[in-house]
Amino acid sequence: MKGFAAGFGCLAALTLPACSSVQSALAPEGDTARAILKLFLLFVAVCTAVFVIVMAFLLIAIVRRRAAAVDPVLRPDPIEERRMAWVIGGGVAATVIILTVFTLASFLTNKTFAEPRPHGLIIKVTGHQWWWQVNYESHDASQTFETANEVHIPVGQPVKLDFESPDVIHSFWVPNLAGKQDLIPGRYTTLTVKADKPGIYRGQCAEYCGIQHAHMAMYVVAQNQNEFERWRAQQLKSASAPSNADLWHGQQVFQSSACAMCHTISGTNAGGQVGPDLTHFGSRMTIAAGTARNSMGNLTGWIVDPERMKPYTRMPAVALTGPDLIAVSHYLESLK
Amino acid sequence: MSVIAEPLRDTDLGEPELEARLVDIWKTPRGFFGWLSSVDHKQIALRYIVTAFFFMGLAGLGAVLMRLQLATPDAHVLGPDRYDQIFTMHGSTMMFLFAVPIMEAFAVYLVPLMIGTRNVAFPRLNAFGFWLYLFGGLFLWCCFFSNNGPDVGWFSYTPLSLTQYNVGHRADFWAQMITYTEVSGLAVAVEIIVTTFKMRAPGMSLDRIPIFVWGSLVTAFMILFAMPAVMVCSTMLILDREVNTHFFDVALGGDNLLFQHLFWFFGHPEVYFIFLPATAFVSSIIPTFARRPMFGQAAVVLSLIATAFFSFGLWVHHMFVTGLPRLGESFFTASSMAIAVPSGIQIFCWIATLWSGRPVFRTPLLFVLGFIFNFVIGGLTGVMVASVPIDTQVHDTYFVVAHFHYVLIGGSVFPLIAAVYYWFPKVSGRMLSETLGRWNFWIAFFGFNVAFFPMHILGLEGMPRRIYTYSADMPWGTLNFISTLGAIIFAFSFLLLLWNMIRSGLWGKAAGPNPWDGDTLEWATPSPPPPQNFTRIPVVTGPAPMWENREALPAIAGMSVGKREILVSTLTEAEPDVRETSPDPSIWPLFAAIAVGITFLWSIYTPWAIIYGAVPIAVTLTGWFWPKSTREDES
Chain A
1 MKGFAAGFGC LAALTLPACS SVQSALAPEG DTARAILKLF LLFVAVCTAV
51 FVIVMAFLLI AIVRRRAAAV DPVLRPDPIE ERRMAWVIGG GVAATVIILT
101 VFTLASFLTN KTFAEPRPHG LIIKVTGHQW WWQVNYESHD ASQTFETANE
151 VHIPVGQPVK LDFESPDVIH SFWVPNLAGK QDLIPGRYTT LTVKADKPGI
201 YRGQCAEYCG IQHAHMAMYV VAQNQNEFER WRAQQLKSAS APSNADLWHG
251 QQVFQSSACA MCHTISGTNA GGQVGPDLTH FGSRMTIAAG TARNSMGNLT
301 GWIVDPERMK PYTRMPAVAL TGPDLIAVSH YLESLK
Chain B
1001 MSVIAEPLRD TDLGEPELEA RLVDIWKTPR GFFGWLSSVD HKQIALRYIV
1051 TAFFFMGLAG LGAVLMRLQL ATPDAHVLGP DRYDQIFTMH GSTMMFLFAV
1101 PIMEAFAVYL VPLMIGTRNV AFPRLNAFGF WLYLFGGLFL WCCFFSNNGP
1151 DVGWFSYTPL SLTQYNVGHR ADFWAQMITY TEVSGLAVAV EIIVTTFKMR
1201 APGMSLDRIP IFVWGSLVTA FMILFAMPAV MVCSTMLILD REVNTHFFDV
1251 ALGGDNLLFQ HLFWFFGHPE VYFIFLPATA FVSSIIPTFA RRPMFGQAAV
1301 VLSLIATAFF SFGLWVHHMF VTGLPRLGES FFTASSMAIA VPSGIQIFCW
1351 IATLWSGRPV FRTPLLFVLG FIFNFVIGGL TGVMVASVPI DTQVHDTYFV
1401 VAHFHYVLIG GSVFPLIAAV YYWFPKVSGR MLSETLGRWN FWIAFFGFNV
1451 AFFPMHILGL EGMPRRIYTY SADMPWGTLN FISTLGAIIF AFSFLLLLWN
1501 MIRSGLWGKA AGPNPWDGDT LEWATPSPPP PQNFTRIPVV TGPAPMWENR
1551 EALPAIAGMS VGKREILVST LTEAEPDVRE TSPDPSIWPL FAAIAVGITF
1601 LWSIYTPWAI IYGAVPIAVT LTGWFWPKST REDES
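One line per chain: the protein sequences are A and B, in this order.
Residues in the first sequence are numbered consecutively from 1, following the working numbering.
Residues in the second sequence are numbered consecutively from 1001, following the working numbering.
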């Protein structure tokens, strides 16, 4: 089985020189994804064998030598017919056995995910057209915080994701860790994920959710416990105060322009609830739900003309003067 | 001399005069209005087939555009809005305007010929159904060309398709197109059932019904039970959009999974009413080219019926990631796996027939062999997606796109093209070119596999469906590019088919009544068949009438020749029962279809249209059913 898995991986690698594990069901880094790949490879092995056998029969059926034609239409020979009926009966029996094994194997695999698992962290993930809101929950209100398009988890611990969607149906899918789970308005859905080793795993919305469905990605960042705790402590803080005049100017622009209507930056007057929380914007890897790397250039471009990067996005273009634009971008990038 | 003259019977006439009189009574009237008022099942079926292929061409061009957009990362061939409209139009057209209608159209053409009768039951309903289908399809494509095509996918899930997220009328157009085409689909289903049950030639007892007719019959029953679900679903959607009924509005107690249940309760059987007729084509073609009767005919027919039953019990496998209870999902895994058994039986019987026969490799058989290859792949990946855990990874990815194109193109379009090559001589009187046919097959087979096989790997590598572009950072470029090349090659094979049909239709070799030495009754009539199909209604003495009666078919005598008369027979044994009049051509079905069509269209803009539209509909139906002072039918 292991050898076969490796073989299949190589096959995939051959067809694709730059085989990457960024977002792939073939490179599992979590227990669920690993169990599914194992099951899948069992199916592939058996199905390949079935395909080869059926095609071999078909090939022999069309090329085998036969007696010269006598009548325009063949009169089937009852003895041969009975023999074929037995062979077909055997084929049907084999089919039934294979399908029963498949059904049982997938039932048993499925059962392991369905059982409630002990978990530490609970993270609420909310799908919006077209970005992901991420809330770290806790009984202690001072331990909760919000971020967007990036889910940090500690390695080796099952983490429970609770899903919600206020608009349309989305689907949370990080193939390296687990299968997908829909987020359906009016319904509670959940998924438990566990990462085996530190890494950054890309995911993206898998249920067609409107015109920018293609640009609704997110990252799961699996970190060592210490690193994760450091990150969490930082996220719990309010936004850092501007440390120089330029950043202070940027903050003023943010608060006095349309930005603050939609975005929250905790510790400031900006408290909009429509778009992503930007309190620690500078610490994120991407902008516009994984559409572009988080850099000064991309950020200014995004603020000036969001439609260019992500047509029909809900973010409006904000008219800012050149200096204001630079200042607000510097300010946002400083929010580590 | 009695008061009412005894009507003229076919026993009173010699062969040439009988034929002339029957042609005269059954032919479609001349002129443009005559053409519009035709109720001949062959003409109407041909109109369906030509229209369906036309829509397939449009949807196929859409597919090529989508492939060009996806060939390279961050491409700008299509913007997101156009792309979303095109993938919605592609799916909706292929499923509702191409696949289902064309399979039904083949049944409308072939079933009366195969069972030895002169028209379908309810021929005017047949005409009505075609006009409504035509209007529905044209209406949808007109919306698209005016940049108002639906953009919510062929499945139109709520809440995305509700007014809140879909302003304007795009989703209404989708919902109403469903209504048009489903009315026509149900009409054909009723015709096929009644025709098969009550109009078979004497002696064609249930066990002698050709497999293609069985396939059409089973499919017709499936349509009858499955289509109402989608009509309810699309009507509830349009009611939510037009009159705020809140079936799917969560804030007011509606439920979005209800939409999915209703849609897939239809949607899964739909796959099988595209696939079953295709297997029935295969079971008609293989015996002819293997030069022997079908091996395990009864097993194949029972497999068709079993597939039909199972297909109603697996809709939930489209909803494995919606968070339904895991144990319940496992039941649907079991049923989805189980449907592979009847399909397996059919494949084994086809191989056995070829094995013990003496195969003649003509183009129809090549397409059938290509079908078996592709369909086995599609069936096996179908078994994979039936498993809940595997499906949670591959659902809504290109793996599933690959899977269902293997099943729908590999499993249904390949047999369909085989059927075109097989029955074209019957319909046109001319053979399709064998040389072009071979080129057509190999290019289609190669192009199809190059286009769709890489998609399996793309899906596993994380590429979701329905994205209009992807970043160059993702490792999907190479395979997408290969897939696009394959798609262009595959599209080219259809141009070759079109050219073959035009060239051979004009200058092809004359076919004669039975060019392939087929075994079923459609090969007993001239090619193309005369308006009355059969000058004398044949009597069937076995399951392969053309092979059992090589000299001449026995026929019944005593049918009237003064009016359109058909023979009604008993359900199981097909004993002659009643002679009945078949309706004459009429323009009223067209008028009724126009009235109904306008009402449907208008109702998108105001619910009052249903009230206003009832008046012209009532008028046209009255015209349609206006009693004629003819004698009661004789027993």
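A couple of the hints might just be wrong.
[Unchecked claim] Partial pick of chain B residues on the chain A-facing surface, computed with a CB cut under 7 Å:
#1 I1345
#2 I1598
#3 W1602
[Claimed, not checked] A few chain B positions that, by computed beta-carbon distances, are all more than 12 Å from chain A:
#4 F1033
#5 F1053
#6 G1057
#7 A1071
#8 P1228
#9 S1343
#10 G1344
#11 R1358
#12 V1385
#13 F1446
#14 L1495
#15 L1496
#16 A1552
#17 W1626
It should be emphasised that the hints constitute simulated quantities derived from the structure, not laboratory data.
We put the beta carbon where it would ideally sit given N, CA and C, even for glycine.
Right, here's what the structure says about each hint:
no.: 1; hint: I1345; in the structure: 6 Å, holds
no.: 2; hint: I1598; in the structure: 32 Å, violated
no.: 3; hint: W1602; in the structure: 29 Å, violated
no.: 4; hint: F1033; in the structure: 46 Å, holds
no.: 5; hint: F1053; in the structure: 28 Å, holds
no.: 6; hint: G1057; in the structure: 25 Å, holds
no.: 7; hint: A1071; in the structure: 15 Å, holds
no.: 8; hint: P1228; in the structure: 25 Å, holds
no.: 9; hint: S1343; in the structure: 9 Å, violated
no.: 10; hint: G1344; in the structure: 5 Å, violated
no.: 11; hint: R1358; in the structure: 6 Å, violated
no.: 12; hint: V1385; in the structure: 10 Å, violated
no.: 13; hint: F1446; in the structure: 17 Å, holds
no.: 14; hint: L1495; in the structure: 28 Å, holds
no.: 15; hint: L1496; in the structure: 24 Å, holds
no.: 16; hint: A1552; in the structure: 16 Å, holds
no.: 17; hint: W1626; in the structure: 49 Å, holds
Violated hints, listed in ascending order, are 2, 3, 9, 10, 11 and 12; each of the other numbered hints is respected by the structure.
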